[in-house]
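A.B. asks: Protein sequence lines, in the order shown, are assigned to chains E and B. Our numbering runs 1324 ahead of the 1-based position in the first sequence. Our numbering runs 1162 ahead of the 1-based position in the second sequence.
Rather than coming from a laboratory, the hints here were simulated on the basis of the structure. Any given hint could turn out to be false.
Label pairs and their calculated CB-CB ranges [to be verified]: (1) E:G1698 x B:N1216: 51 to 61 Å; (2) E:D1821 x B:E1231: 20 to 30 Å; (3) E:V1730 x B:V1170: 57 to 67 Å; (4) E:E1789 x B:A1201: 19 to 29 Å; (5) B:E1231 x E:G1925: 50 to 60 Å.
Virtual Cβ for every residue (Gly too), placed ideally from N, Cα, C.
Given next are the chains, with one letter for each unit.
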Amino acid sequence: MNGYAGKILRVDLSTGKTWTEPVDPKLAREYLGGRGFAARLIYDEVKGAEALGPDNRLVLASGPFAGVFLPAGAKATFAAKSSATGLYGDANVGGHLAAELKYAGYDAIVFQGSADRPVYLFVDDETVQIRDASRLWGKGAIEAEVALKDELGEDYQIATIGPAGENLVKYACVGHDIGRQAGRTGAGAVMGSKRLKAIAVRGSQTVPVADIEALRRISKEMFLKVKADPGLQVWHDYGLGSVCSWANSIGAFPTRNFSSGYFEGIDGIDHHAMRERIIVGSKACFGCPMACGKFSRVKERGVWVEGPEYETTALIGGNCALNRIEDVAYANYVCDELGLDTISAGNVIGFAMECFQRGVIDERTTGGLAVRFGDVEAFVTLANRIARREGIGDLLADGVKQTAAVWGKGSESYAIQVKGLEWSGYESRGAPAMMLAYMTADIGAHHNRAWAITYDIAQGREKVEGKAAKVIDLQHVRPLFDCLGACRLPWVEMGLDLKYYAELFPAVTGLDLSWEDLLQVSERVYNLTRAYAVREVPGFGRSHDYPPERFISEPVPDGATAGSRIPRDTLDALLDDYYGLRGWDKTGRPTGVTLRRLGLGDVAEELAARGLVE
Amino acid sequence: MASSNSVVVKLGGTLAELAGTKQLCVELPGEPTLAEVAALVGVAPNLVMLYAVNGTLRAADYRPSPGDEVLLIPAVAGGQLTGR
Ligand code: SF4
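Based on the provided sequences and hints, a complete structural model is requested.
C.D. replies: Dropping the structure here:
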């Protein structure tokens, strides 16, 4: 199979058995790989299971572009039934893991069961072993990765969890490549529940492609385009930190638990501060000319960290009001070692800070700790307590929604999440399309499905018409990259034309799927993950798509979007439009007709038998 | 043809789509700021993430000189500004 290694590696951690299965050509054609493979697999195999129980699956999947020399076949997807939301969850990670997995001869690894002691999976081409990891348990995610590299060799690509994953923090992440993470939806907790500390992969094989000459020609053109772009230097010099001051200027920078979109301390944490005070070098993922990863040194703390990139600076910096880039970078390092998703951690700790300052909680709740905005030591102490589930950290480890439900006193209205996933880095009261993107992202409040703020600005920030259609378009294009195993940033940030990817697909795979066909795959996956939510979460539907009350009733106090909020009737209009265009019913459930149109007849039948679709 | 009071404006990604060109020569009316130069070429300043003048990043209120090369770097480059 061109573009594919052709095998899926299965690992049962309860029995210690491993085996391989061939990739079904039908699966490849209908779901492509990565997120697509994972969504179908989880839909089929994880029915009613607990996210942190042995019956959940953890899927590590590459896609047909992964490991192929193009800009940039670098992305691996970690997916599972999410510990954070109970829905399908995934997160992608760059670095070199996806490519190495293909070179080892596997398109995906699927873990099931749970080991009776800490283990790691060792893969060296056909040699697959479940090895003891007792000595690594308790170590930080990066510390464990370095220890395994020391033991096995630098040419192994390694993914690890930190104490947060071991202790089943619901938003624990998976680390890789000394500072990159599959951050969202708690794949690290699922790994921890299986007592799987790490995955180490090395491969020596090649990925067959259908038309090497065409691949060479198209890729070369793409690389040259990126290289010739005068904007490339920005990504080399500053990386994604360059987005901070712009986001602040348009009122989208999350500040003090999303009470505002404008942070007065931006100059202390923006790209200039990064470049002048902490950046020491750049890092690129496999085959990427952008090298958007920045490697930084926080001299006063004696630590090195990859980042901080935009989301981390937004959620740890603005959202917790830390106004020194050294503090943000240090907190980033602490989260990376602990194995905490910096987005959820910054969101949850920002929420705790607001609750403390409002008097919802006091020092009796926090174990004597003053938890105030702007206090990096409070941040670091809370992060450690969360990762170890100590004291207040035990509740915060369950996420902002569960914490607000316990603390009450109206705090639910400023627990900034959708479907139980903490909101990522864009305050969206002045951006209806972006708000809708967060509301309808299939994994919860994350921006990677659709990022629509510039569309809001270009089309009119107040305007609602046409926004749902654009959000749907983006929700098909952006996650398609996660099915292909490619990074979307060369398209998103450098403007590489999508036609290149359309031409690459047949060159790599030999499959006669047009760009429209590929987008339909993405639409199929989107409907499948929605159907999964309908099946797994009782009463799932429209009520799960609303943002927190703060965004509905509290106008933004300052900055470029001062006075903005999005009233409930506007949200309803957006949702009506969105559901209608998607072919979902008024409650937000895919109809049988829509599922069948997308080749999901079996899903339609199953949901109909359960009385869940028309 | 560049006049003595003009700057060259280069546009990245979808800003070029908005302006209808990747590069153009703009006659400066007085001493505009970079944000005003963006508006002159049909780009809303809040869609510009960063400005560079002769290869050096500058703030939106910086005033370029005649003969300068101004680069407008978009907040997002790939196909996200226009509708279906
Ligand atoms: S753009 Fe950044 S995240 Fe994407 S592949 Fe390149 S270095 Fe990795």
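A.B. asks: For every hint, state whether the structure bears it out.
C.D. replies: Going down the list of hints, with the structure as the test:
The supplied range of 51 to 61 Å is broken by G1698 of chain E and N1216 of chain B, whose beta-carbon atoms lie about 38 Å from each other. In this structure the hint that D1821 of chain E and E1231 of chain B lie 20 to 30 Å apart at CB holds, the actual value being about 24 Å. Distance hint check for V1730 of chain E and V1170 of chain B: the Cβ-Cβ separation is about 60 Å, which falls inside the suggested range of 57 to 67 Å. Under the hint 19 to 29 Å, the C-beta atoms of E1789 of chain E and A1201 of chain B, about 25 Å apart, fit the expected range.
The hinted range of 50 to 60 Å is satisfied by E1231 of chain B and G1925 of chain E, whose Cβ atoms lie roughly 58 Å apart.
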